[in-house]
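Asks: The chain contents come next:
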Amino acid sequence: MATAERYVGGGVLRKEDPKLLTGEATFVESITPPGTLYLSVVRSPHASARVRNVDVAAALEAPGVVAAFNGQDLAEEWAAALPMAWPVTEDIKHPDHWPVAKDSVCFAGDGVAVVLATNRNAAKDAADLVEVEYEVRESVTAIEDALADGAPLVHEAFGSNECYTWALANGDVEATFAGADVVVRERYVHPRLVPNAMEPRAVVVQPVASAGEFTMWSTTQVPHVARVTLALTLGIPESKLRVIAPDVGGGFGSKLNVYAEEALCLALARRLGRPVKWVAERSEDYLATIHGRDLIQDIELAATAGGTILGYRVRLLANMGAYLQLVTPGIPLLGAFVYCGSYGGQAYSLECTGVFTNTTPTDAYRGAGRPEATYAIERAIDTLGREVGLDPVEVRRRNFLPAGDNVPSPGGLVYDSTDYAGTLQRALDLLDHDEVRAEQAARRESGDTRQIGIGFSSYMEMCGLAPSQVLASLNYGAGGWDAATVRLLPTGKVEVVTGSSPHGQGHVTSWSQITADALGVPIDDVSVLHGDTAVAPLGMDTYGSRSLSVGGVALHLACGRVIDKAQKIAAHLLEVAPDDLEFESGAFSVKGVPDRSKMIQETAFAAWTAHSLPEGEEPGLEATYVYDPPNFTFPFGTHICVVEVDTETGAVDIARYVAVDDCGHVINPQIVDGQIHGGIAQGIAAALFEEAIYDDTGTLQTSSMMNYLVPSAAELPSFELDRTVTPSTTNEMGVKGIGEAGTIAAAPAVINAVVDALWHLGVRDVGMPATPERVWRAIQEAERGGSR
Amino acid sequence: MPMRQISVTVNGIHHEASVEPRTLLVYLLREHLGLTGTNVGCDTSSCGTCTVLMDGESVKSCTVLAVQADGRELTTIEGLAADGEWHAMQRAFHEQHGLQCGYCTPGMILAAVSYLEENPGASEAEIRHALEGNLCRCTGYHNIVKAVAAAADAMKSGATRSAATP
Amino acid sequence: MIPTPFDYEVATSLEHAVSLLAGGGEEAKLLAGGHSLLPLMKLRLARPTALVDIGGLDELREVREQGEAIAIGALSRHHDLERSELLREACPLLAHAAGQIGDPQVRHRGTIGGSIAHGDPASDLPAVLLALDAELVIRGGDGERRIAAADFFLRPFETALEPHEILIEVRVPRLRETCGSTYLKFGRRAQDWAIVGVAAVVERTDGRIERAAIGLTNMGPTPVRAAATEASLSGIETVDESAISAAASRAADGAEPPFDTYATAEYRAALAEVLVRRAVRAALV
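Residue numbers (this note's numbering), protein chains in the order written: chain A, 1 to 788; chain B, 1 to 166; chain C, 1 to 285.
Take a look, some chain C residues computed to stay more than 12 angstroms from chain A by CB distance:
#1 16
#2 50
#3 68
#4 145
#5 158
#6 176
#7 234
To be clear about the criterion: a stretch of chain A counts as covered by chain C if any three or more of its residues have a C-beta under 8 angstroms from a C-beta of chain C, and this derived list gives those stretches:
#8 112-124
#9 692-703
#10 707-717
Derived from the structure by calculation, the hints contain no laboratory data.
C-beta: ideal position from N, C-alpha, C; glycine also.
Work the whole structure out from these sequences, hints included.
Replies: In structure tokens:
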């Protein structure tokens, strides 16, 4: 496949853009089949209650209303409860999760009834008329409160709020800690975050009643997973269910799930024989779409007096929320192996306890487990540095794993390729570190009310889920492969079918680049089909920075198969042996006789007419590859954040943000940079702005974009990016994922910078988000000598 | 409730519609007129996703009643290109990779167009601040700000529209 | 996202508006730009049975000089105030503050009358009007009356407007050349309401502070004046950092700042001190 690269790595503008720039995109809310009924879900305002009675009679009388049901009315619709695919331990507690609660509600937002009407307004008005009698119970929302003796039970039958405890150990942790010169102990609390994809969730189901068939359009990242699992929940043969993810307005993990409303639209379309549509209002989305993070970490580092880390000991308490959504229990495990980050050591242990609370379930939010792990190690290594007298740069350098290929880690993984010192140095150069340090010193000296801090994050993450056998060992309920089909049409145009399901990542462009270069065809001749189980039946979808390093590699390999077949056909047409041909820029030519050649498009036409094919060769020119990666990929980099902290108000401004990332070979630099920009913004948002807050009654107080502070352009800086390229050894393209790296890296860089700015005042820690008030309080306490 | 008759001009085309008074402008556009390019991102007037131009000025169409738009001129994302030529802002968003999922994009573009019409000489810092009412979750705004700055240059040099695709 | 149903009437004149309001019952509301009311209606936190739309009353849109005062029609939008040449020259504080409300789209719709009549202690303009000793002109069934801004705000979201009255005009004084002024808004996001806002007007002759007027946003159930600070500033002959600091330290005296997900009362009080100090410093001319 010795084709010269023409598109990969170059500045190819996105093919996705035109329809998005002109209003021609098709988001789910824009799909309304004739005769559609609008679904409105009546939700519990109480965090925990027995549901005594749900009376829908008044709603049924309202104008435009066609049907209304409570949980009991719908009980017969379910062949199984909503899916949970990651029972991390054998003895995990797993409560049944019904699309509409049957007899008790476990969080504010749990559905108790549904109303269907011929228009949106009528459905909303009638939902107000449903009368629900609750017997309110005591509730609990915080992790440690839920574990306390006598805590209200989220699920009484379990007798406690502990969902599971999972553990991992490598090496002799006890002996390592006993023999260490220095032990650093830190506790970090991760606030609960709301993913906030800009498109709220929506579902439309159109039945073909006579055939028992259903088409579901959903704002999902996972049409394939949704099809399998919803078929099981509804008892619909999988073959009768087509799931389409049309244009999807962002996901960040929140649409990596299978939701009650999807099951409801299917069940109600089946029951009523009409199309059913549900569109979340944003404040409804805040309750009914998964949240992220909400974790307490205790991390200990054992080290030598010289600052070399010997061992890691981590204890996690993770808030599951009220129910287990698709992969809720597994989220902490996605970070469990990387609490050592980029660093070495001889011993490693981690224990994680999942905890039920009366809150919206948590699940994957951008980075899922790895932002948490990275935060812990990147904060703790700063503390270690201060403990042994090393600055943040030196303590990192001293502990980096060596540059190389297939490097074993303390967490028991083998990192595909590493060069941690390289990104750190590049970032320092870009920043002009010495100059910023000098400015910091001058401000400290003058007692300026705007103090400067520099924060580092030399992150390393694991992504590209995943070798199926590794997932099996973690008790995950599905594989980690992905699929691609490459099809040359008779006219020489190319159709690519991918099992990835993009929602903003630009797969159509990147996949076109890969295909056009591999086959030597013009990029405009390549179409990419995705996100429809009838068109792309094989796939594992898009999450965990897996699309390129799994689905993209599958495409690369499928292109190889197509070329192999095309070469046989070309050889047949040229009356030579296949080995006598070489392939370049779309042409198969006889070695040494470049005039004797066939374009790959000609072989496609020949394969279609099938008038003259090699003996035994099938007509048609297409190939599928289902690729199961042999390892994860491990992107890395160094981010440096410079903050200015107003010591009088506690306000934090980001003055500079430098990021040097390494994701191996880059297909589309503009898209990669865009992923990093967006990722950093979400990391900064977590560090400084966002926090879901529940009150004592279990009501979500930050329940809209008015009081849950998603930052705008006005709050964020421009970013200074650079990259190094250390090809992955996991796949033959040498690529790694980049969708989550920015988010994983950013939060510790920001908080380390805030702490650095205030260290001389006695501040030792500031919790996330570092709101002006939190920062101000930290300064006040330090002035009173009260900080730690 | 009695319906109200209103007339609006959207993207240069005159429309009459009969609406409930409570109908929000965004639903007039999306559901009565079939202009689904304007998206809805929140219910608290916070995100700016639904921004359209009313008499040339940016407004959040979720916070205007359809009846308040009676007699007004509206521009939605569908009407920004003219005679097959994109607006400089559309082109700049494409060239600078100022969009990913594209959901906030129509509102972001129209907010930016309105701002530059009022402030043609805006600096990058002013542009950043002026987009305070439009949330994006994908881009981190870096390329959006670059795109608006690039469009500002193009608009200043008179190239408000240019050929559709590169 | 969908308001409850309501009757809708378009007022064709001020008299018409007053009579529609009177005829619309207890739950009738005025609609101008709608940027205080519609957000509440969309969340069904407000459920008016009738709306009287005064958006077409162009006579309420003017900003003009009236003797020593500037008269601002209630339908003047924040955008209009921000860009009014007259205000920028004669009362820059108001133009400056209006430009910090919400975001450009909000400023294209929201009006000064709506913002004031809503009575939200977290809104920016009420504190500015207090600091300016503004006067409000109100129209009811019995004709016009005038009220000082200081007497207008009673409780959160409750003002001296009677149910069927309409705020039609705001009058602010022309600030003399000896007056400096500023509005400092502290929030976490640019589009948000102020956690605390400070409107300051400082008048000096020959270096001496003749008068200081300081209005505070979101420091109590209504907008309030920082009276202790004002008293401590006025009459100071030699203005230095310590004098300003001493005065600012009393910024929150008597205030009852709220506690919400943005900030505690204690923090707001501390913030008020810092912001008042900075605002006074900025308002020295």
